[in-house]
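A.B. asks: So the chains spell out like this:
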Amino acid sequence: MAPTSSRRLVFQPNSYLSLQSGAHQIIDAIAPTLGPLPRITAIDRILDERPPEQLDSGGMIAKRVIQIRNRDADVGAMFVRDFLWELEEQEGDGTATAAVLFRAVFDEGVRHVAAGLNARRLHAHLETGMRLILSDLTDMAQPLKGRDAITGMARTVCYDAALSDLLGEIFDIIGEFGRLEVRKGEGRGLHREYVEGLYWDKGVFSREMITGSPAVRVELENPAILISDLKIATPEQLLPVLACAVQNDMRRLFIVARDLSDGALAFLLANNRDRDKLQIVAVRAPGYGAEEQAWALTDLVALCGGRAFVQGAGDSLRTINPDHFGHARRAWAGFHSFGIIGGRGDPRALRRHISDMRSAYDNTTALVPRGKFQQRLGKLLGGSATLRIGAATGSELEARMELAERTANVIRGALREGILPGGGIALLHCRPALLQLAKSAAEVEERAAYTILAHALAAPARTIAANAGFDASDVLAEIRQSQNGAGFDVLRGETVDMVAAGIVDSAGVTKAAVYAAISSAALALTIDVLVHRPQQSGHAEPRSPGHRKQL
Amino acid sequence: MWYAACQSGLYSSADGGMSWHDAYATLQMSQRLTIASVAVSPAYAHDQTLFAGALGGVLRSTDRSRTWSVAELPSPPPFVVSILASPNYPQDGLVFAATLEDGVFRSWDRGASWASWNFGLLDLNVFCLVASPDFASDDTLYAGVESGVFRSTNGGRAWRETAFPMELGPVLSLSISPDDSADHTLCAGTETNGVYRSTDGGESWTPAGLQEKGAGIDHLFHWQRSPTVVVMLAVTHAGVYASGDAGRSWRDLHAIDVGSDTEITAATLDVQGVDAALLVGMSDGGVKRLPLLVDPM
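Going line by line, the protein sequences match chains A and B. When you read off a place in the first sequence, starting at 1, and then add 28, the result is the number in this note's numbering. Quick note: the second sequence, position 64, residue 51 per this note's numbering, numbers continuous.
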C-alpha cells in the first residue's frame, strides 16, 4: 500500500467487516491448537532462512503475527493479538480458548447489532453475563490435591507424559510457592533433583575461604551468622565481631556483608588460618538493589534469628552482642552462591513472617511484586527443585524448556485457585443459568447478551472435538445426555467423568480466558470507526499487563 | 519382647520385664550410646525388625536385637527423638525419624539409608510423629513440633502447616483414632495446654480436656477397648488419664506418688487380646506395667 500522509477513516459496516476479517485470520491460525489433538501452525521466519517455526501454542502464534497486509483487517488482528498476548503473559495458557470464545461472541454480536440492537447496551449486558459466568466457575472450582491430580493437570497443558510426571512429583513436594529452576540438562532425558535449605546467587568474597575443601564449596556446622548489608571498610570494624564470637565460644562464623575492603578481607583471612579455633566464611549480601537486599536480610533474620545490621540505618558493629547473631545447623558457600540449612530462628516468628508474605501476595495485583513474593516464599519453604531438560536439538531444547516453565506456571495457578472439569465442560455447565436469564430478560439487548454467551460457551468444546476429527454436534449431543460433570474424552472417544479421568483445566486460566474473550468482544462491538494513521512499518509489542486481574 | 530406650542404652526383656539385657551388646561400643527412641516394625512377629534412634544415627536390627546395623545421619549429628515405621512397612519399607533440630528424616529402604525431607516443614524441632491408619492409601502422617502440628499427604516428602494455634505448642504427642476413616480424629498433647482434637485433618482444633492440669502430655494413645468403644489415654510425667467420651471428661487412672523423685519418662500401649496395659518407663530406670481398668468409662 502506498504511503499516505493523511488519516483514513473506515465506517460501519466496513469497520465491523474489517475487524472480523482480521480477527478471523489470527483466530483461524490459533483455533486448531486447542485440545489434546492439536494441529500445528507453521510460521515463516522473517530474519533468516531456517525452516518455518512449527507452533502448537495459541499464545506463541499470537506473538508471531506482527502485521497482516490489509490495514483494515490488521486492526482486527492486532486487537485480538493484544488481548491474547496479555493473557499469555499473565497466565501462560488459555489463549486458544479465549480466541474461539471471542470469535463466537463477537460474530454473534455483530449479527445482532446489524439487526438493530444497541451496541452499548449489548456491551453492558455482555459484561453482566460475563460476571455471572465467572461466579459460576468460581463455585465450580475444586482444589487440586495430590500428585496424580497435579500430573493430570500438567498433561492437559503440555501433552508431554514424561514432563507431566516429573512436574506432578515436583509440585506435590514443593507446593504452589516452591522454588523450581528449569535448566538445561545433559542428553535427551529429563532429570530432577531436590536441594535442601535455601540459597542465594551470591558467593564468597575470597576463594581462599574455600581452598582445601574437597568440593567447590565450604560448609560450616552450627555457625553463628552475622546478617548485614554493611560495607566494611576497615579491619577495626570487624574486631568487635570476632571478639564477641571468640568470647562466646562461637567457633564457626558466617558473615554476610555487602562489601569488604581488601584490608578487612585480609584481616578475616588472617584469622581464618587455624580453623579449629575459628573458621570464618564471608559472603556477599543477597539481592540486587537496596529493596531486594533489605528483603533478603529480613528473610534471613526470620529464618536464623538475630538481627540485621543495615547500612542505610546507620547500624554499627561496635555494639554487637551474642544475641545479634543468627544461627543455623549448616551454612555453605561457593564461588557463586551460598545457602542456609536448618535456620534456628524462632519458628513461630518464621511462620508469621511467611503468613504475612502470603497475605501480601494475595492482596497485590501487580505482577512484579507478586513475582518477588513468590520467589521469597519459595526460598523460605525449606528447599527447592531443579528440573533439567535434555533434547536432541537446540530448538527442541528451547521449546521444551519454555513448555516446562509455562506448565509450571499453570500448575501454580491451579494449586492456588483450583481446577475445573476440562474439555470445555465447565463452560457448558454455565449455559443453563444464562438461558434461564434470557427467558426472563426485560430488554432485548439483555436477552440477546445471555443468548449469545450461552451459545458461545459451547465453542471451546466444539473446537476440541472438531480438531480431534469428531462431529462437534454429535459430541455435544452425547455430553448433554450424560451425567453432570461428564465430558467427551477425545483421546478415548468416549464420555467420561472429566475430573475423575484427570482431564482438568486450571480455574484461574479458564476464568482469565473467559474474562479476556468476553470483555474484549463486548468492547469490539462498540467500535464504530477505524482511524488509520499514515503508513507505519509494523506494530510495537503490547505492554506487559503489569497487573493480574482479581476475577 | 519389650524394648526400653534409655540414657544408658537400649535394653530388651523377653519375660515381661522381669529381667533386662543389653540389647545392642553385639555392637561392642566403647561408650554407652544414649537411645532416645525405639520402634518395632508393624510386622515384627514376621520380620523381627526394630529401630533405635540415637545422636547422629539410627540403629536397625532384623533379628530381635541380636545383631545391628548403623545408619549414620548427615552431620551435624541430629538427635533422633522418635521413630515411626510406616503402617504399611512390609510393602513400602518406609521409616521416619523425628529429630530435635533437623526436622524429619525418611528412609525408603527399611532403614538402610536416610535423607531429610523438610519441604514446607517450617519448624524443624520435631517431638513426635504419627501415621494415618490408612497410610497405605492416603500417605498421611503428622508431626508434632515446637510451634504446632504439620501434615504430610505424600508419605513424608513434604509438609504443610495445619491450623493448630502456634501459641498452644509445643506438641509433645499425637494420636489418631483407629477408626480414622470414619471419625477422622487426630489428637495432640501439648506441653502446658492439655489435649486438642481435630476431626478435619488439622484444619480446625477444639480443646479435648486436661487444660487445667498444666502438665505436659508426653504420650497419647487411642485404645480400641471394644468394637464400639475407643478410650483415649494421656500420660504425663506424674500420671495416666483416660477418657471414654473423646476428651469431654477425663479420669485419673494411675497417679504417681507426688512425693517421690520418680517420673514417667516413656510409655507404650500393650494390648494382648482383652488384657490391656500401659508400660511406663520411670526416671529411676524402672519399668512398670499399669493395667487398664475394664469398667465402663
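Since the hints were made in silico from the structure, they are not lab data. The structure presented is a predicted model; accordingly, all values stated were derived computationally and were not measured. Just so you know, not all the hints are guaranteed correct.
As the list claims (entries may be wrong) - Okay, the calculated beta carbon distance ranges per label pair:
#: 1; chain 1: B; residue 1: S62; chain 2: A; residue 2: P268; range: 44 to 54 angstroms
#: 2; chain 1: A; residue 1: G418; chain 2: B; residue 2: Q78; range: 26 to 36 angstroms
#: 3; chain 1: A; residue 1: K467; chain 2: B; residue 2: P152; range: 49 to 59 angstroms
#: 4; chain 1: B; residue 1: L42; chain 2: A; residue 2: S423; range: 33 to 43 angstroms
#: 5; chain 1: A; residue 1: E433; chain 2: B; residue 2: Q259; range: 26 to 36 angstroms
#: 6; chain 1: A; residue 1: N349; chain 2: B; residue 2: R147; range: 57 to 67 angstroms
#: 7; chain 1: B; residue 1: Q78; chain 2: A; residue 2: E433; range: 34 to 44 angstroms
#: 8; chain 1: B; residue 1: K275; chain 2: A; residue 2: P268; range: 52 to 62 angstroms
#: 9; chain 1: B; residue 1: D257; chain 2: A; residue 2: Q275; range: 24 to 34 angstroms
Every residue, glycine too, gets a C-beta built ideally from N, C-alpha and C.
A.B. asks: Against each hint, give a clear statement of whether it holds in the structure.
C.D. replies: Taking the hints in turn, this is what the structure says about them:
1. As the Cβ distance of S62/B to P268/A is approximately 30 angstroms, the hint placing it in 44 to 54 angstroms is violated.
2. Checking the proposed 26 to 36 angstroms range against G418/A and Q78/B shows it holds: the Cβ atoms sit about 33 angstroms from each other.
3. In this structure the supplied range 49 to 59 angstroms holds for K467/A paired with P152/B, their Cβ-Cβ distance being about 51 angstroms.
4. At roughly 54 angstroms, the beta-carbon separation of L42/B and S423/A lies outside the given 33 to 43 angstroms, and the hint is violated.
5. Range check, E433/A to Q259/B: Cβ separation about 58 angstroms, and the 26 to 36 angstroms hint is violated.
6. The hint said 57 to 67 angstroms for the Cβ distance between N349/A and R147/B, and at roughly 37 angstroms that hint is violated.
7. Checking the proposed 34 to 44 angstroms range against Q78/B and E433/A shows it holds: the Cβ atoms sit about 37 angstroms from each other.
8. Between K275/B and P268/A the CB atoms are about 55 angstroms apart, so this pair conforms to the stated range of 52 to 62 angstroms.
9. Here the CB-CB span from D257/B to Q275/A is close to 52 angstroms, at odds with the stated 24 to 34 angstroms.
Consistency with the previously given hints fails for numbers 1, 4, 5, 6 and 9, ordered from lowest to highest.
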